[in-house]
Amino acid sequence: MEDHIVVALITFFVTVSGIASNTYVFIVAQKMSSMSSSFGTITKNQTIANSMMCFCFLLIVPLQFGFFKSLVRFTHFIGSIAMISDEISNMSHLLIAVNRFCAVFLQLHYEKCFSIRKTKYMLVIIWVTSIVGCIILYEVIGCNLHYDKPSWNLAFIQTEKCIQLTWYSDFVMTLVTNLLTAFKASRNSRMLMNAAGLQMSKTQRQREMNFIRQTFFQGLSVFTGQITYYVVAPILTNPVVTFVVGSLWGFMHAVEGLIIILSNKEMRQVFGQPKRKTTTVSIFVSANSRFQ
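Using my numbering, read the sequence shown as starting at 300 and increasing by one per residue.
Just to be clear, a hint being listed does not mean it is correct.
Derived pair list, reagent style DSS-like, types lysine-lysine, alpha-carbon separation capped at 27 Å [stated by the list, open to error]:
no.	residue 1	residue 2
1	Lys368	Lys448
2	Lys419	Lys330
3	Lys343	Lys564
4	Lys448	Lys343
5	Lys330	Lys343
6	Lys448	Lys460
7	Lys460	Lys343
8	Lys330	Lys417
9	Lys330	Lys448
Hints in this document: simulated from the structure, not taken from any laboratory.
Work out the full structure: start from the sequences and follow the hints.
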C-alpha cells in the first residue's frame, strides 16, 4: 500500500473516532447532573473545539488520497479554523484547571467566580480572542497554515517572519499554557489528597479527583503534541512516521474525548443504567360496592 494511502486512512480513522468520542461526551454531559455546573459548561465547550479540530483534519483526507488538487490553494482557511479550535481548546484547559482549584479550595468564592453566567462570559471572551487573534496572525499577516503536499499535512509557511511568529504564538504560548494546566492539576491533586479538613463526602472527593485527573492528562496530551511537532518530527526520516508524529498536535484533540470518558466513571455508565420501574397502584372505589 502506498504511503499516501496509509496516511489518509490513519487520518480518517483518528478524526472520525475523535468526532465520535467528543460528540458522545457532549451528549452524555447533557444528561449528567454533575455536568450541569460551570465545569460541565467548559468541558462541553471544549468538546466542540476538539470536534472542530478533528473535522478540519478530516477535510484534508481527500487531498491525501490525491483528489481535488485544485482546492489545495484554499486550505489555509482550514488551517486557520484548526488554529482557532486549538486555541479555544487550550484556553479551556487552563480555565478548567482554575475552575477545579476554586471548586475544591475556595468553595466560599466558587459561585462568585464561576457562576454559569460568568462562565459563559469567559467562554465568549475565549472564542472572540481566539478568532480575532488567529485571523490577524494567519490570514491578515499571512503566516498561513496550509496543506503541504510533500508531507500530506498542514504546515506553516516557511518564511523567517512566520517561523518566528508561529514559534512564539503557537509553540511557546501553547506549551506554557498546557504545562501550567498540567502543573495546576497535579498540584490540585496533591492538595486534595492531603487536605483533611475539607467538607467532602467520599463520593465528592472521588469525583473531584476524576475531574482533576482529566484536566492533568488533557494538558499533558496537548503538551506532548506540541513537543512532537516542533522537536521530534523534524529529525525523523520515515515519511509515514513523520506524518503521524507531526500530526499529534491535532490528533491529541481526538484523544481528549477518550480521556474525558476514561476519567469519568459516571459518564461511562450513563447509557448503561437500567431505568427504574415504577409500580402504579390504582384503587377503584365504587359507591355501589356492597360489603357483606
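(request) Take a quick look at whether lysine 448 and lysine 460 sit within 27 Å of each other, Cα to Cα. (result) Holds, at about 22 Å.
(message) Checking one constraint from the list: CA of lysine 330 to CA of lysine 448, max 27 Å. Satisfied?
(response) Distance of about 43 Å is beyond 27 Å: violated.
(message) What's the verdict on lysine 419 and lysine 330, does the C-alpha distance respect the 27 Å limit or exceed it?
(response) Holds, at roughly 19 Å.
(message) For lysine 343 and lysine 564, compute the direct alpha-carbon distance and say whether it is at most 27 Å.
(response) 17 Å, holds
(message) Does lysine 343 sit within 27 Å of lysine 330, going by the straight-line distance between their CA atoms?
(response) This hinted pair holds, its Cα atoms lying about 12 Å apart.
(message) Between the alpha carbons of lysine 330 and lysine 417, is the straight-line distance 27 Å or under?
(response) Within the cut-off at roughly 22 Å; holds.
(request) Below or equal to 27 Å on CA atoms is what counts here, so check lysine 460 against lysine 343. (result) 36 Å, violated
(message) Between the alpha carbons of lysine 448 and lysine 343, is the straight-line distance 27 Å or under?
(response) 34 Å, violated
(request) Could you grab the alpha-carbon distance between lysine 368 and lysine 448 and see if it respects the 27 Å cut-off? (result) 9 Å, holds
This entry does not satisfy hints 4, 7, 9, going by the numbered hints stated previously.
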